[in-house]
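**Q** These protein sequence lines are chains P and C, in that order. Numbering-wise (this note's numbering), the first sequence opens with residue 2 and increments by one. Numbering-wise (this note's numbering), the second sequence opens with residue 2 and increments by one.
If you're looking for bench data, these hints aren't it; they were derived computationally from the structure. Remember, predicted model here, so these are calculated numbers, not experimental data. Beta carbons are placed, not taken as given, at the ideal position from N, Cα and C, and that holds for glycine. One should not assume that every hint holds.
Unchecked claim - Simulated coverage check for chain C against chain P, where a stretch passes if three residues somewhere in it have a Cβ under 8 angstroms from a Cβ of chain P:
#: 1; segment: 45-55
#: 2; segment: 95-101
#: 3; segment: 159-165
#: 4; segment: 249-263
#: 5; segment: 269-275
#: 6; segment: 288-300
#: 7; segment: 352-366
Unchecked claim - Ranges between beta-carbon positions, derived for each pair:
#: 8; chain 1: P; residue 1: Gln282; chain 2: C; residue 2: His68; range: 52 to 60 angstroms
#: 9; chain 1: P; residue 1: Gly401; chain 2: C; residue 2: Arg32; range: 44 to 52 angstroms
#: 10; chain 1: P; residue 1: Gly119; chain 2: C; residue 2: Asp36; range: 22 to 30 angstroms
#: 11; chain 1: C; residue 1: Arg54; chain 2: P; residue 2: Pro371; range: 22 to 30 angstroms
#: 12; chain 1: P; residue 1: Glu175; chain 2: C; residue 2: Arg54; range: 44 to 52 angstroms
#: 13; chain 1: C; residue 1: Gly386; chain 2: P; residue 2: Arg35; range: 20 to 28 angstroms
#: 14; chain 1: P; residue 1: Gln282; chain 2: C; residue 2: Arg289; range: 51 to 59 angstroms
#: 15; chain 1: C; residue 1: Asn281; chain 2: P; residue 2: Arg347; range: 44 to 52 angstroms
#: 16; chain 1: C; residue 1: Thr384; chain 2: P; residue 2: Asp348; range: 53 to 61 angstroms
#: 17; chain 1: P; residue 1: Arg95; chain 2: C; residue 2: Gly303; range: 55 to 63 angstroms
Protein chains: 2
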Amino acid sequence: MDIAGSNRRIYLDNAATSYPKPAEVFEAMARYMRDIGASPGRGGYGSSLDAGRLVFEAREAVVQLFHASRAEQVIFTPNVTYALNFAIHGLLRRGDHVVTTSMEHNSVMRPLRSAEEGVVAEVTAVKCDAQGRLDPRDVRRALRPNTRMIVMTHASNVSGTVMPVAEVAGIAREAGVLMVVDAAQTAGVIDIDLRALALDVLAFTGHKGLYGPPGTGGMVLSPRAATEMAAIIQGGTGSRSDEEFQPGFLPDKFEPGTPNTLGIAGLGAGIRFVLENGVNQIGMHELRLASKFEQMVRAIPGIRVFGPWETNTSAPVCASDRVATVSVGLTSAQADASQVAFLLDRDFGIMVRSGLHCAPLAHMTLGTFPAGTLRFSFGWFNTMGDVRSAAGALAQIAAGY
Amino acid sequence: MDIAGSNRRIYLDNAATSYPKPAEVFEAMARYMRDIGASPGRGGYGSSLDAGRLVFEAREAVVQLFHASRAEQVIFTPNVTYALNFAIHGLLRRGDHVVTTSMEHNSVMRPLRSAEEGVVAEVTAVKCDAQGRLDPRDVRRALRPNTRMIVMTHASNVSGTVMPVAEVAGIAREAGVLMVVDAAQTAGVIDIDLRALALDVLAFTGHKGLYGPPGTGGMVLSPRAATEMAAIIQGGTGSRSDEEFQPGFLPDKFEPGTPNTLGIAGLGAGIRFVLENGVNQIGMHELRLASKFEQMVRAIPGIRVFGPWETNTSAPVCASDRVATVSVGLTSAQADASQVAFLLDRDFGIMVRSGLHCAPLAHMTLGTFPAGTLRFSFGWFNTMGDVRSAAGALAQIAAGY
Chain P
2 MDIAGSNRRI
12 YLDNAATSYP
22 KPAEVFEAMA
32 RYMRDIGASP
42 GRGGYGSSLD
52 AGRLVFEARE
62 AVVQLFHASR
72 AEQVIFTPNV
82 TYALNFAIHG
92 LLRRGDHVVT
102 TSMEHNSVMR
112 PLRSAEEGVV
122 AEVTAVKCDA
132 QGRLDPRDVR
142 RALRPNTRMI
152 VMTHASNVSG
162 TVMPVAEVAG
172 IAREAGVLMV
182 VDAAQTAGVI
192 DIDLRALALD
202 VLAFTGHKGL
212 YGPPGTGGMV
222 LSPRAATEMA
232 AIIQGGTGSR
242 SDEEFQPGFL
252 PDKFEPGTPN
262 TLGIAGLGAG
272 IRFVLENGVN
282 QIGMHELRLA
292 SKFEQMVRAI
302 PGIRVFGPWE
312 TNTSAPVCAS
322 DRVATVSVGL
332 TSAQADASQV
342 AFLLDRDFGI
352 MVRSGLHCAP
362 LAHMTLGTFP
372 AGTLRFSFGW
382 FNTMGDVRSA
392 AGALAQIAAG
402 Y
Chain C
2 MDIAGSNRRI
12 YLDNAATSYP
22 KPAEVFEAMA
32 RYMRDIGASP
42 GRGGYGSSLD
52 AGRLVFEARE
62 AVVQLFHASR
72 AEQVIFTPNV
82 TYALNFAIHG
92 LLRRGDHVVT
102 TSMEHNSVMR
112 PLRSAEEGVV
122 AEVTAVKCDA
132 QGRLDPRDVR
142 RALRPNTRMI
152 VMTHASNVSG
162 TVMPVAEVAG
172 IAREAGVLMV
182 VDAAQTAGVI
192 DIDLRALALD
202 VLAFTGHKGL
212 YGPPGTGGMV
222 LSPRAATEMA
232 AIIQGGTGSR
242 SDEEFQPGFL
252 PDKFEPGTPN
262 TLGIAGLGAG
272 IRFVLENGVN
282 QIGMHELRLA
292 SKFEQMVRAI
302 PGIRVFGPWE
312 TNTSAPVCAS
322 DRVATVSVGL
332 TSAQADASQV
342 AFLLDRDFGI
352 MVRSGLHCAP
362 LAHMTLGTFP
372 AGTLRFSFGW
382 FNTMGDVRSA
392 AGALAQIAAG
402 Y
């Protein structure tokens, strides 16, 4: 069934994971599986060294992407959630106070609540406005003498609101507080320059804007974070095999067990793909699509747009305050978001996510709790045709086709 | 350069990771990457449901392999090290005593030492004999009133010695102590039947005997472990998205963040491959190769074999006391293991691991610390020809070719 007149399926859930992946990512992974196969750092033979080289090249790609200084600062983790847990549970101590925002994903809120429920920390979630925007002055006001960490997202996965991390990082630096940023929604679409941005932990996911496979992510650590962060998971590292204690040097300290060399090979290729196309070019392409989409759906009766899009003036797109994620809601009572998502998929081949996007506090901030939203998120492989199809389908559904 | 007269490279490091992988594993992964791509449990559209189905089918394959009772008992983790950390750090409490063995890998010893160094537990490592064999009576004697857990490997990654887990599990059950087994070296080659074997945590790796890709592993939990184990990593699960606390139900409690659906798809295919060929058939094939290899190298002057092979009587192979991992040492002082491994790779295309295999205490037990061993580990895709090539190469090197 294909009411929209197109038989191509349209993927608009890039905020969950990007799809498709570049051919280079497939090829890098197939090459590892076929020709190498070995584990890095676990043998002195050629294939094991080749595997080590693949991982090192991926580390170098991360260095280049974020303008980091050394490959050892880059830690690969199974996903961004693990990186955030390593930072939160590895850095917080008894009696610490933590500042976060009301726009966080559960990858930040759940470890924080767990730490707070346990013995460790007290958490202040600074309230953002109804478009999800944070006033950095509120962060400064939330600091206490025992504040040890500010942890916050770089952009909301619900509304696409970009947070003022540079300003907050400046406040953190001034106060001697650790600054941890969740770049799950921004790595690959907003230029993150660690030479200018003083972060202690930059946590990133591999399978969204970096076009790697699922099972990949990581973090870039400042010297302070590298020293002060305890390794909450320990195991074999292929190094210091004579010792029963986790080695203290990077990256081994935080990479226990056999690494996901296959995934890391794909991630390295994904990052090189992003670097070749240009982070700003990709970000602007996606934002152009999202802006066009927002303009089209804003005109549909019965549809409401949330987040920074709500106050959009249709001015030339500015990349600074949002990423290409548009959450909409239906003002009519008869259709809920999950029903619309189902119809978009079944009748139009359009894939979006509906409901609460693993971020309850963010939905409360935006006024979309507990109903949630219908989220359209654009990627490098989407086109203006996809935008028109999606907006057209939404108009048909809203009109009760 | 190819002294051995064969131009095929021979991979004998299957105890680190198996290579090659079955074609079915490639195909399952390529299909996910090409046709599905979405994250499971993160959307209601068809591709996300397809991804969820893939993960569920892999869970069902694990159930079938280990004769578990329900798919929810099966938790996927990034590797076996994470599963063991989840069990150790998630189950141990202040003041607990833990019993382990002197044959453990650092995936067990490092989290235990970290727990011991911190606030949590005291650890008794029961001494095994010079072949790595454990007397279950020593485990019983090590128990104390505050013993909460016995954690041990199912087979040594250094010597291939299989441990008496059934007997120890009986002792644990009797004493009301949690029983945690590291099946990194046995899953896929020894039949593990959870209907008969009372384990609280069976931790497994995906990329060795189960022929999945790196980045995969997991654990099967008893109802007691599922309840008592705290989730040490928290994050989005695609479930209970209205809550800032980690959900308490399985498998979500222990699977935070976007899962490695690509890897899990490959692991599912790998396990189905193992089930089709038969765990016992695979185990016997590998053991036949290892036994033949051991017989051949035993005859080489200057070579010593460690572990249960040392007392091998050349009787018909018995699958019960060892897996297909043979560690050898050189009695002559002029060549060390890493030098021999280098020559095997460079001149004969034979890939093995040398040194300390992330298990310092095991090497002390076997009397191979700190020099380590040269480890030959066989897989399903190895042949008797590989065995002859490896033994022949070793003979040439020992003779100072």
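**Q** Given the hint of 20 to 28 angstroms, check if C:Gly386 and P:Arg35 actually sit that far apart at their C-beta atoms.
**A** holds, 21 angstroms
**Q** Hint says 44 to 52 angstroms; check whether the CB-CB distance for C:Asn281 and P:Arg347 agrees.
**A** holds, 46 angstroms
**Q** Determine whether the Cβ-Cβ distance between P:Gly401 and C:Arg32 falls within the hinted range of 44 to 52 angstroms.
**A** Given about 37 angstroms between the Cβ atoms, the range is violated.
**Q** How does the segment 159-165 of chain C fare against chain P when you require at least three residues with a CB closer than 8 angstroms, holds or violated?
**A** It is violated, with 0 qualifying residues against the three required.
**Q** Please count how many residues of the segment 288-300 of chain C have a CB within 8 angstroms of a CB from chain P and say whether that reaches 3.
**A** violated (count 0)
**Q** Taking the beta carbons of P:Gln282 and C:His68, is their distance inside 52 to 60 angstroms?
**A** The hinted range 52 to 60 angstroms holds for P:Gln282 and C:His68, with Cβ atoms some 54 angstroms apart.
**Q** So does P:Arg95 sit 55 to 63 angstroms from C:Gly303, Cβ to Cβ?
**A** Holds, since P:Arg95 and C:Gly303 (Cβ atoms, about 57 angstroms apart) stay within the stated range.
**Q** Three residues minimum, CB to CB under 8 angstroms: does the segment 352-366 of chain C make the cut for coverage by chain P? Let me know.
**A** holds (count 11)
**Q** Within the assertion that chain P covers the segment 269-275 of chain C, do at least three residues meet a Cβ-to-Cβ distance smaller than 8 angstroms?
**A** violated (count 0)
**Q** Do the beta carbons of P:Glu175 and C:Arg54 sit within 44 to 52 angstroms of each other?
**A** holds, 51 angstroms
**Q** Could one say that the CB atoms of C:Arg54 and P:Pro371 fall in the range 22 to 30 angstroms?
**A** Holds: the Cβ-Cβ distance is about 27 angstroms, inside 22 to 30 angstroms.
**Q** Is the hinted range of 51 to 59 angstroms satisfied by the C-beta distance from P:Gln282 to C:Arg289?
**A** holds, 58 angstroms
Violated hints, listed in ascending order, are 2, 3, 5, 6, 9 and 10; each of the other numbered hints is respected by the structure.
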